[in-house]
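Chemist: Residue numbers (my numbering), protein chains in the order written: chain A, 1 to 131; chain B, 1 to 191.
Worth flagging that the hints you see were computed from the coordinates, not collected in a lab.
In this text, all values refer to a predicted model and were calculated from it rather than measured experimentally.
Glycine included, every Cβ here is placed at the ideal spot set by N, Cα and C.
One should not assume that every hint holds.
Computed from the model, here is a short list of chain B residues facing chain A with C-beta under 7 Å [claimed, not checked]:
(1) S23
(2) V26
(3) R27
(4) Q52
(5) F59
(6) F65
(7) W74
(8) A121
(9) M122
(10) R123
(11) V126
(12) D145
(13) R174
(14) L176
(15) R177
(16) F181
Computed beta-carbon distance windows for the label pairs [stated by the list, open to error]:
(17) B:K60 with A:R123: 50 to 60 Å
(18) B:A16 with A:A79: 43 to 53 Å
(19) B:A12 with A:G85: 50 to 60 Å
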Amino acid sequence: MRSNRLFGNDGVSCDDVAAALPGIVDGDQVADLDVQRHVAACLRCQAELVQYRRLLRTLHQLRTEVLEPAPGLVPEVLAAIEAAGERRAMHHLLNGRRVAYVGGIAAATAAGAAGAILANRARHRRVRLAS
Amino acid sequence: MVIPSEEARLVAAAKAGDADAFSELVRATEADIYTLAYRLTGNAEDARDVAQEAYLRAFKSLKKFRGDARFSTWMYRITANCASTQLSKRSKGRHEELAEDDTVVDERPESDPETMAEAGAMRDRVTAALGDLPPILRAVVVLRDVYDLPHEAIASELGITESAAKVRLHRARRKLRERLFPTGEEKARAV
Numbered sequence: 001m002r003s004n005r006l007f008g009n010d011g012v013s014c015d016d017v018a019a020a021l022p023g024i025v026d027g028d029q030v031a032d033l034d035v036q037r038h039v040a041a042c043l044r045c046q047a048e049l050v051q052y053r054r055l056l057r058t059l060h061q062l063r064t065e066v067l068e069p070a071p072g073l074v075p076e077v078l079a080a081i082e083a084a085g086e087r088r089a090m091h092h093l094l095n096g097r098r099v100a101y102v103g104g105i106a107a108a109t110a111a112g113a114a115g116a117i118l119a120n121r122a123r124h125r126r127v128r129l130a131s
Numbered sequence: 001m002v003i004p005s006e007e008a009r010l011v012a013a014a015k016a017g018d019a020d021a022f023s024e025l026v027r028a029t030e031a032d033i034y035t036l037a038y039r040l041t042g043n044a045e046d047a048r049d050v051a052q053e054a055y056l057r058a059f060k061s062l063k064k065f066r067g068d069a070r071f072s073t074w075m076y077r078i079t080a081n082c083a084s085t086q087l088s089k090r091s092k093g094r095h096e097e098l099a100e101d102d103t104v105v106d107e108r109p110e111s112d113p114e115t116m117a118e119a120g121a122m123r124d125r126v127t128a129a130l131g132d133l134p135p136i137l138r139a140v141v142v143l144r145d146v147y148d149l150p151h152e153a154i155a156s157e158l159g160i161t162e163s164a165a166k167v168r169l170h171r172a173r174r175k176l177r178e179r180l181f182p183t184g185e186e187k188a189r190a191v
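Take these sequences, add in the hints, and give me the full structure.
Modeler: Written out as structure tokens, the structure reads:
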């Protein structure tokens, strides 16, 4: 564990600084004045800050390293895309057929209902004429 | 790596339905995307699956890509999301050493051999330390400190709040520092 020593009148301990350093090392968070004063006076916290800076620099450098995947990744990706494309086309086709089928039934039902109504009206007309 | 103007042309062509243009984008970015997937998952098999899934998702949602960022940056976000899904499928994270067929290619310009050797040793140690981090911490520090994604993007792709992403980042940095530069007390604790 770290010691909880205080330095001067800043009221900030090395533990407080240790908690703040991961956030302030890249300027993402701003260190308050007391923390800044503490770091300026504390060799231990200065050393820790340097370590964080070195860590971040090295992490940034990792960006330039690339791992070469074993051969075959690109053909696999393209084949997966093609297969997905075919699946999608099949899905559209089936959906289209389903819509046409449901539409056909609806049209046939509507035509039947319309026919029944017309036949009913014609029958009523014939009855009226006969009377 | 493709130059931005060429990349924009390929993206436009792919959006218009040119499959060859998309293939070209895959070829230009595969090593980069695979590397990110490897860094996030920690093993070659998962990295391959994640890269494949990421490209498939990208292809399906290519029309939504507005071109505000580089295609590769957009791919990083999709890859992060796919890796997060993959890792959550696993009951516990697996940590494997680099497979023999995963050749590390250093693309940095040459400099002083002594400095390079020292920097190389430090990179190896950082890579090993990253591999030992829990996946949820590793993902955040890799996306932020290696790939420079903003907190908001990281939070969005990992399905966490921005403040949770920051807390994880700080915890990850602290763990890495303690591992790389142990104090006497930390060394004693590690034994």
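Chemist: Does each hint hold? Answer for all of them.
Modeler: Each hint tested on the structure:
For S23 (chain B), the suggested interface contact is upheld, since its CB lies about 6 Å from the closest CB of chain A, less than 7 Å. The interface hint given for V26 (chain B) is met, as the beta carbon of that residue sits about 5 Å from the closest beta carbon of chain A, less than 7 Å. At its closest, the beta carbon of R27 (chain B) sits 6 Å from a beta carbon of chain A; the interface hint therefore holds under the 7 Å criterion. Checking Q52 (chain B) against chain A by beta carbon gives a least distance of about 5 Å; that is within 7 Å, so the hint holds.
Interface hint status for F59 (chain B): upheld, as the beta-carbon distance to the closest one in chain A is roughly 5 Å, under 7 Å. Violation of the interface hint for F65 (chain B) is found here, the shortest Cβ-Cβ separation to chain A being roughly 15 Å, above the 7 Å cut-off. Hint status for W74 (chain B): violated, given a least beta-carbon distance of 16 Å to chain A, over 7 Å. Against a cut-off of 7 Å between C-beta atoms, the interface hint on A121 (chain B) is violated, since the closest Cβ of chain A lies about 10 Å away.
Of the supplied interface hints, the one on M122 (chain B) holds, with its beta-carbon coming within about 5 Å of a beta-carbon of chain A, less than 7 Å. Restraint check, R123 (chain B) versus chain A: the minimum CB separation of about 6 Å is within 7 Å; hint holds. Among the interface hints, the one on V126 (chain B) holds; its C-beta lies about 5 Å from the nearest C-beta in chain A, closer than the 7 Å criterion. Evaluation of the D145 (chain B) hint against chain A yields a held restraint, the C-beta minimum of about 4 Å falling below 7 Å.
For R174 (chain B), the interface hint holds, the least distance from its beta-carbon to any beta-carbon of chain A being 5 Å, beneath 7 Å. For L176 (chain B), the interface hint holds, the least distance from its beta-carbon to any beta-carbon of chain A being 6 Å, beneath 7 Å. Interface restraint check: R177 (chain B) against chain A, minimum CB-CB distance 5 Å, threshold 7 Å, status holds. For the restraint placing F181 (chain B) at the interface with chain A, the shortest Cβ-Cβ distance is roughly 4 Å, inside the 7 Å limit, so the hint holds.
As the Cβ distance of K60 (chain B) to R123 (chain A) is approximately 58 Å, the hint placing it in 50 to 60 Å holds. The supplied range of 43 to 53 Å is broken by A16 (chain B) and A79 (chain A), whose beta-carbon atoms lie about 22 Å from each other. Distance hint for A12 (chain B) and G85 (chain A): a CB-CB separation of about 20 Å, inconsistent with the stated range 50 to 60 Å.
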